[in-house]
Amino acid sequence: MQLIESIQSQVSKAVEALYQSTVPSESVLVNTTPPEFAGQYSVVVFPFVKLAGKAPDAVANEIGAHLLAQVSEINAFNVVKGFLNLEIDSAYWHAFLQKNVGNAHYGRQPNRREKVMVEYSSPNTNKPLHLGHIRNILLGWSCSQILEAAGYDVVKVQVINDRGVAICKSMLSWLKFGNGATPESAGIKSDHFVGDYYVLFEQKSKAEYEAWQQTAAAQAIFAEKHKSGQSEKEFFKDYKNKWFNDHSTLGAEVRDMLLRWEAHDPDTLDLWRRMNGWVYQGFDQTYADLGVTFDKLYFESDTYLLGKDIVEEGLAKGVFYRQDDGSVWVDLTDVGQDQKVVLRADGTSVYITQDLGTARMRYEDFGAKRMVYVVADEQNYHFTVLFEVLKRLQEPYADGLYHLAYGLVELPTGRMKTREGTVVDADDLIAEVKRIAREQAAERGEIDAFTPEEQEQMLHTIGMGALKFFILKVHPKRKMIFNPEESVDLQGQTGPYIQYSYVRINGLMKRVQKEGVDLTISTQYSDIQPQEHELLVALHEFPTVLQNAAREYDPSLIANYCYNLAKSYHRFWHDLSVFNAHSPEAKAFRLQLSKGVGEVLKSGMGLLGIDMPERM
RNA sequence: GGCUCCGUAGCUUAAUGGAUAGAGCAUCUGACUACGGAUCAGAAGGUUAGAGGUUCGAGUCCUCUCGGAGUCACCA
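Here the numbering used here = 1-based position in the first sequence + 804.
Hints listed in this document are in silico derivations from the structure and should not be mistaken for laboratory results. Treat each hint with caution, since some may be false.
Using C-beta positions, here's what the derived DEER-type ranges look like [claimed, not checked]:
#1 Asp1142 / Arg916: 31 to 41 Å
#2 Glu1006 / Gly1130: 52 to 62 Å
#3 Ala821 / Tyr1185: 51 to 61 Å
Taking lysine-lysine and the DSS-like style, the derived pairs with C-alpha atoms no more than 27 Å apart in a straight line are [said to hold, decoys possible]:
#4 Lys817 / Lys854
#5 Lys1221 / Lys1041
#6 Lys1371 / Lys1281
#7 Lys1100 / Lys1121
#8 Lys1112 / Lys1195
#9 Lys1221 / Lys1283
#10 Lys1406 / Lys1371
#11 Lys1100 / Lys1041
#12 Lys1121 / Lys1144
#13 Lys1144 / Lys1044
#14 Lys1144 / Lys993
#15 Lys817 / Lys919
C-beta atoms are modelled at their ideal positions from N, C-alpha and C, and glycine is treated no differently.
Using the sequences and the hints, build the whole thing.
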């Protein structure tokens, strides 16, 4: 993108020479020219109009003349309504292709010897992964890839919430109702097996609660405590947690199990390891299907007691204060937040205590001064507080913390709810997109030429391409409406649309190889068509898009870029002949251009975790 | 109620303060005896929730109103 920089710098010099005013070159706005005008890049000259004291068109013409004289790559310019459109010499584009086609690192930044940690996924171990996790996982993976391409050393970590009441519910349920069954004996994927016992627990608990509501004791509580006008049903809905803690037999058993776990009771720990082992086995399968990996796992069972030393430090530094009952607090009212507990009166940790401790531990483990937490936006408040506290504690990494908050995934019918059975299971969804891919490939009759292994591979690539692109094309912050039918569309603005453009290019390249076409004569081709310019400008822009995506932590920028590039390519393909081009030079040029497009598409989609098929 | 985020075509969405708000789906109409039709072209569909303001220029920034979501636990 040195061309853009030299344009900016020359505009700055022109303004200085012509109007005796200083304009920093990086503030000069250079846009791509819309297709209806001649030229590839446009300079916005409105900001200089006042400095010049002339009409916009006059300013544009003066600056244009200066650029034409000073920037050798500029061939011609025109002025439309105060916009200065620049036409770039074909020699520049030939050199650009010559230099970058075939360069696998095109667009990527050199290593900057700086670590970034990206935390994503963070599942609980009591049930299988669902659609919400998929968005989290895809964002986390893609961000990691983007940051790596931007030159960082990325450490991908996962925090596994492997302890607490939830997993105890699954454990207790299995003990009481499982009769020693295993995922193998039941023939169920092992994380689903554990999840089924969690659901069973909730069912049993609900039945117990409903029976209890009929007892004299329950009726007495209702009579005594209900608010005026509150129905029995409403009252008991609100009372559920209290009941579970004070009256439920199952509740008492679960708490008892959690206490035994904390006391390191061997039988309990054995059961816990066994059931978590089943869950991890299932998770591994889902992660493999999604094509993601982690460099380091942190288990909550190892970290849940951390952070108390930091609380002591914070007390000494005056960042925290202790109340009469012994609990420790931080006062954030001066930054518009509340007062928050960081340690209970009995000296035990709360959520944020753990996160303080884990943050420091991870810094000590890897020395990353930047950490990205991929967590749903319902936890915005928690991270605001966490980051503010770490800043006040003057932790060395405090300025590099970023919460990549993404909107919840909702169905057209509303939010997913476990108890209403509307949760979209991750494995089911993956199977479904592959099924649709098979169905559509079969309709075209194109699947028969492949071996079963090739079919499996290809349908996985296409199905996952559709699913991943569908999720990643939306800006992370945006709440996403997930329509299962549209998510498996393979036409239009989709992953397979982009994959198809790659397959077309791949077909060309095979023929190039077979026929031994010489691509080096393309420098004689000077009559570059609009469809070709569109592709050149897009390829030229890739490094900037990548940098922006890394800076914004935003994979959707890459997704939309890839879509636009593929769209331009399909149009190019339709309008112009490649192999039957009117001259050998045009043919060589178009093949080289196609090759470059294919490489950038593969590279860009790779940043989203999407593979490109050779055929489809 | 406080804080945060969001509101763009029937639906899903794009647009570092810059040209006539750009796509896809759905609807309608077309296009291969040429490199793969999972493609391409066209039609129709918009007061960017509303009202003010800043600016040469606002979907974008500021203020207010309306509508929606999240959060405001000694749960994680």
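What hint numbers does the structure not satisfy?
-> 2, 7, 11, 14, 15
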